[in-house]
Structure formats: C-alpha cells, structure tokens
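Sequence order for the protein chains is A and B. Every letter in the first sequence is one number past the one before it in my numbering, and letter 52, counting from 1, is 153. Every letter in the second sequence is one number past the one before it in my numbering, and letter 57, counting from 1, is 743.
Be aware that a few hints might be false.
[Unchecked claim] SDA-like mimics (lysine to any residue), calculated; alpha carbons at most 20 Å apart, straight line: (1) K692(B) <-> V125(A); (2) K170(A) <-> V125(A); (3) K313(A) <-> P258(A); (4) K313(A) <-> E722(B); (5) K320(A) <-> V308(A); (6) K320(A) <-> E732(B); (7) K313(A) <-> A201(A); (8) K692(B) <-> V308(A).
If you are wondering where the hints come from, they were derived from the structure by calculation, not from laboratory data.
Listed below, chain by chain, are the residues.
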Amino acid sequence: MLPANCLPALAALALGLMVAAIAVVAYVAPVDADQGFSQKIFYFHVPVALTAYAMFGWGAWKALRHLWKRERGADLESYVAIHLGVIFGAMTLLTGSIWAKISWGRWWVWSSDQLVLFLVLFLFYAAYFMLRFSVEPGPRRANLSAVYALFGVALIPVSFLAIRISKDIIHPVLFKSSGPDMSGTMFFAFCVSWAAMLALAATLYHVELAGKRLDERLKELREVLAS
Amino acid sequence: MTAAEKYVAAAYLVVFVVVLAYVLIIATKLARLEREVAELADLARERRVREPEHKAVALG
Numbered sequence: 102m103l104p105a106n107c108l109p110a111l112a113a114l115a116l117g118l119m120v121a122a123i124a125v126v127a128y129v130a131p132v133d134a135d136q137g138f139s140q141k142i143f144y145f146h147v148p149v150a151l152t153a154y155a156m157f158g159w160g161a162w163k164a165l166r167h168l169w170k171r172e173r174g175a176d177l178e179s180y181v182a183i184h185l186g187v188i189f190g191a192m193t194l195l196t197g198s199i200w201a202k203i204s205w206g207r208w209w210v211w212s213s214d215q216l217v218l219f220l221v222l223f224l225f226y227a228a229y230f231m232l233r234f235s236v237e238p239g240p241r242r243a244n245l246s247a248v249y250a251l252f253g254v255a256l257i258p259v260s261f262l263a264i265r266i267s268k269d270i271i272h273p274v275l276f277k278s279s280g281p282d283m284s285g286t287m288f289f290a291f292c293v294s295w296a297a298m299l300a301l302a303a304t305l306y307h308v309e310l311a312g313k314r315l316d317e318r319l320k321e322l323r324e325v326l327a328s
Numbered sequence: 687m688t689a690a691e692k693y694v695a696a697a698y699l700v701v702f703v704v705v706l707a708y709v710l711i712i713a714t715k716l717a718r719l720e721r722e723v724a725e726l727a728d729l730a731r732e733r734r735v736r737e738p739e740h741k742a743v744a745l746g
C-alpha cells in the first residue's frame, strides 16, 4: 500500500511527465517522413495500449496473490487494476480508430489481427465486471473474479504476438527483435509518453483504491454504530 | 489547421476527456463518502448523548 503522503507526489509526477510528454511530442519528435503529422498519435496511442496491458497484468498478479497467498485486499487491488485496464483499453480503441481514419481512411479494419485481438481482450475484461457483479460480495466472488482475471492475462501474449506470427501488413510493427524501428528522438518521445501514462495509471489506481478502502471502512463503522 | 492536425488533436482530446470523466466520477464518489462520514458522525454524536441516559437508568 502506498503511504497517504506519497499520493500527491505521484500525482505531481504524473502531471509533470504528461506536460513533458506533450512538449516533447510537439517540439522535439520529428514529423514522420511516411505518415506525416498524423503519426504523432502514436506517442499516445501505443503508451496507452501498453499501460492497459500493464494494468491487466497487475490485476492478474494481484488475483494470483489472492488465490495463492490469500493476501488481504488483493481482490480489491485486482479489481481496481482491471477497471483501469478497461479504461485504458477504451482509450486505445478510440485513439486507434482516429489514427486508422487518417491513415487508412477507415475507422476500423476487421482484417487486422492485432485490432481484432485487442478488441477481444477488451471485451473479455469488460465481461469481468458482469461476472463480478452477478455474484454476492464475499469469498466466492473474490475467487471467481481472480480465476477470470488469470485466464484473461493469457490473452495478452496472444494479442501481442499475433501480429508477429501472422502476415498482417495493415497494422505496423515498430518493436522488432532487432530493436525499435524508429529514430532516437522518436524513441525518446515515446519513452517519455509511456512514463507519463504509467504514472497517470499509477495515480488513478491509488486514488481509486483509497476511495474503495474508505468505502469499506465506512461500511464497517456503520455496522458497528448500528449495533 | 490541416486534417492531420485535427485528427491528432482529436486523439489527444479523447485521452483528456476520458481522464476528466474519470476524475468527475471519483469526485462524485468522494462527495458521497463525505456525506456518509457526516451521517456517521451525527449517529456517533446521538449515541454519545443517549448513553449517559442509559447509564443513569441502570444506576437508578
């Protein structure tokens, strides 16, 4: 758990990195020779997608801690991480669609494996909430949610590797086994943007978690006072 | 403003609007929690007022 006084520092870091990312993308990163100015969507679209994967992964890790070690609060942490993963997933789909429209002339391309697999992953995690809220709160709900979160994380490498295995020529692959396929300045702008997104996700995660924990404690207090 | 610039602005705006909507939801939840804390404080105060009466009855 993050100490309460660290949350404002984390939020300030996220804000600073976000401002830095916008400045670097606008003034430092060069305009792409092939795609032109529209390529600048990449600096937010890809970090948002990678952050969504990171949140799903963190949710699965916490789910594993719940099932394996019966760690107190791990179920709530897993739920909050997956909630944020879905929000970042929605942002990935929206920014990706805007980029697709300017680059390919269409909002969505069903023939692209990576797009469809990301949509499958997003819908899988969206269904997590239907499962969770259809079961009464308690150990059964926590266990079912944890198992579901662990199944979902298996889809991440499938989604990530599908584009490399298949011969998808629509969606570009920039991170190859030989390294990133972009200039040093572009890679720097990408790293700053990704750090900003991770800091933003971490801040939102701790804010939501603090709210949920407070809610739980208030419920306990209400029960004590009512008795 | 070129078409490419408009699309880039739209993509960045999407991220901004989603985060803003999230903050709005969290702010609404925070307001609810504040109300609940006030209610519980009232409840605790009422109990404190009532408890000496109970004690007096028990002693009397």
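Taking 20 Å as the top limit, are the C-alpha atoms of K170(A) and V125(A) close enough?
Outside the cut-off at roughly 43 Å; violated.
*Could you grab the alpha-carbon distance between K692(B) and V308(A) and see if it respects the 20 Å cut-off?*
With Cα atoms ~32 Å apart, K692(B) and V308(A) exceed 20 Å; violated.
Notebook entry, point to check: Does the alpha-carbon distance linking K313(A) and E722(B) stay inside the 20 Å limit?
Noted result: 13 Å, holds
- prompt: Are the Cα positions of K320(A) and E732(B) separated by 20 Å at most?
  reply: 18 Å, holds
Below or equal to 20 Å on CA atoms is what counts here, so check K692(B) against V125(A).
Roughly 19 Å between the alpha carbons, so the hint for K692(B) and V125(A) holds.
Open item on the list: Does A201(A) sit within 20 Å of K313(A), going by the straight-line distance between their CA atoms?
Closed with: 37 Å, violated
Q) Does the structure keep K313(A) and P258(A) at a Cα separation of 20 Å or less? A) 30 Å, violated
| For the pair supplied as a hint, K320(A) and V308(A), is the alpha-carbon distance within the 20 Å limit? | 19 Å, holds
Checked against the numbered hints given earlier, this structure breaks hints 2, 3, 7 and 8; the rest are met.
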